[in-house]
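S.K.: Below are the chains, spelled out letter by letter.
2 protein chains.
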Amino acid sequence: MKIIVAKSAGFCWGVKRAVNMAIAAAKKNGTVYSLGELIHNPQEIKRLETLGIKKIDSINEIPKNSTVIIRSHGVPPDIIKKLKEKGIFIVDATCPFVKAIQEKAISLEKEGYPVCILGNSSHPEVIGIAGHVKDPVIVENENDIEKLPPFQKLGIVCQTTLNSELLSKFVASLSKEIKEMKLFNTICKATKVRQEETRKLAQQVDMMIVIGGKNSSNTGKLYAISKKLNRNSFHIESAEEIDESWFKNIEKIGITAGASTPQWIIEEVIERIKTILKGGETVERGLCKTT
Amino acid sequence: MKIIVAKSAGFCWGVKRAVNMAIAAAKKNGTVYSLGELIHNPQEIKRLETLGIKKIDSINEIPKNSTVIIRSHGVPPDIIKKLKEKGIFIVDATCPFVKAIQEKAISLEKEGYPVCILGNSSHPEVIGIAGHVKDPVIVENENDIEKLPPFQKLGIVCQTTLNSELLSKFVASLSKEIKEMKLFNTICKATKVRQEETRKLAQQVDMMIVIGGKNSSNTGKLYAISKKLNRNSFHIESAEEIDESWFKNIEKIGITAGASTPQWIIEEVIERIKTILKGGETVERGLCKTT
Ligand code: F3S
Ligand code: F3S
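These protein sequence lines map, in sequence, to chains A and B.
For the record, in the first sequence the residue sitting at position 137 is 137 according to full-length UniProt numbering, with numbers rising by one throughout.
For the record, in the second sequence the residue sitting at position 124 is 124 according to full-length UniProt numbering, with numbers rising by one throughout.
This list has only true hints and no planted wrong ones.
Identical chains share a label here; the pair holds if one copy fits it or two copies do between them.
No farther apart than 30 Å at their CA atoms in a straight line, the calculated lysine-lysine pairs in the DSSO-like style are these: (1) LYS179 to LYS200; (2) LYS153 to LYS289; (3) LYS176 to LYS110; (4) LYS81 to LYS110; (5) LYS289 to LYS99; (6) LYS227 to LYS176; (7) LYS147 to LYS104; (8) LYS64 to LYS54.
Bear in mind the hints are in silico, worked out from the structure with no lab data behind them.
Generate coordinates for the entire structure from the input sequences, incorporating the hints supplied.
M.R.: If you want it as C-alpha cells, here you go:
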C-alpha cells in the first residue's frame, strides 16, 4: 500500500519559508512579533504562539529591541522605516515573488510609467506593493477601469493570487484606451500547480483525501477537481474524520491539502491512515513544474 | 441652405498625403511608379494615371533612374535597399503613423523583446513592419496564439486598421501565458473619427449623404450609423444617383464618405447638390479630435 502526498499540498513555498524563518528566529531570540497573521489558520497561529511567535496588529504593540517578522505578503517601506526607527530587529520573510513585484513596480516608475496594480486594494500584499511607488492606481474591477484618468501609458503588475481570467479581462479593457502598456503577469503559480497536481494525482490513485477547512474556498476547489476524476474522494478537516471503511480494496492513496492547511495536520492524517492500514509506504511527489 | 462636409470624409490623412506627394513628384519628374495601388479605388487609380502615376507590381518593372513612390502602407527595408541599388529615386509617402510602428518594432527588438505584430500577415503594412525586425511573429487569429512558442516576454504592435475588439481579445489571451508584455496600441483613429463624425453630423442636419462604393464595408458602416440617427440618409456612389426630390424642405445637408472615396467624387456631389439647390454655402467641419 502506498500513500502519495502531492508536493504542493498545504502551504505554498513562500508561506512555508516565512513560518520556518519565524520559528528559527523565535528559537534564537525568544519572542517574535508578526504584524498580522503569519498564516490564515487559527490552529497554526496557536501552535506558532506556543513556539514564541506572537501575532500583533499594530507597530505600537511591539516592545523596543524586540524582533519582528515581515510576512510573505510584504509591507510598504514606511513600515520598515518605522520599525528601524524604533530599533526593532527585522526578519524579512517577504516572499521573493512578492519582493520581485515590488521591484518591478519601482522600475516601471523609474521608466516613466504610471504604475497600476491589479488586485484587492485592501489586501496587505497590494498595500505593500503600492507603498513602493509614488502614485499607484489600484484596479479591483471593471468599474475602476472606467474611472481611470486618461493615461497615455501604464505599467502594470498584479497581486500574486489574482484570478487569471480577471487579469485577461482587465488587460483587454485597458488595451482599448491606453496607447502603451508594459505588463507583468505576476500571478503566482502556487495555486495553479496545487490544482494541477491534484488533477494528476486523482487519476493515479484508488482514493483521494483532500485536507482543509470546510469553508476554505481553495480547498473546496481542490476537492471538486479530485471528485470529478476520482469518485473515491474525501474532503476532511482533520485526521479524526477518517473512516476505516473507506480503505477496502485500496492500494494507492493520494493526499493533497488547501493553501492554509499546516504540515502537521497533513502528517496526522498520514499517521492515522498508516495505523488503519497497519503500515504502508509514504512518498512525496511533485507532479508539476513549479515556478 | 448649408452643406456641411465632415472633415474626415473620404481618404484618411495618410492616404491624402501620399496622393499629394505622388502628384507633386509626377509634376516635377514626369512618370512616378507606385509599387501597388496608391489608393483602393479604380477610378482614382485611372485619374492618377492621367497625372503620370503608374501602378506597377514588381520592382523589376521600374526603369532605371526613374521615380518611385512608397505608399502609405510602407515597405520592408530590403525594398528600399533594392530600389537604391537600382539607382531609383524614392519618394517615401509611408504614413508617419505607420513609420512610428516600424520604429516601435525596432526599439522593442533592441530592448530584447521578441516582436509580435497583430494583424493580417498578407497585408502590405504588416509585411512592411515585419521586415524591420529579425524574427517577428504575426498573430491573425486566436489559433495563431495557441501555436506560439512559449515566450517569456513579448513586444507587441498592431496593424493600424486592426479592429479594437480583436486587439483586446488577443491581448487577453496573450496575458495569460506571457510573463512580460510591452504593448503599443497602434490602431489608427482615422476610421473611428470618421464614424464618430458621421454620428455627430447626422444629428445636426436634415439630410445625410454618404458617398462610397456599394460594396465598401467601411462606407456601409458609415451609412448604417447615419441611417440610425437620421432617416433621411442616402448612400450613393456618385453624383448621378442624386435625386432632386430628396431636397424638399431641406435646410442643412451633411456629407461624409468612405475611406476610399476620392475628393473629386465628393466635390462632384457638392456641385450637383448646389445646382439642384441653385446655390447654398459649403463648409468643411471637423467634429472630433483627430490623432
Ligand atoms: S507567498 Fe505563496 S502564493 Fe506564491 S507569491 Fe509567494 S509562493
Ligand atoms: S494611412 Fe491612414 S488609416 Fe491611419 S495610419 Fe495613416 S492615417
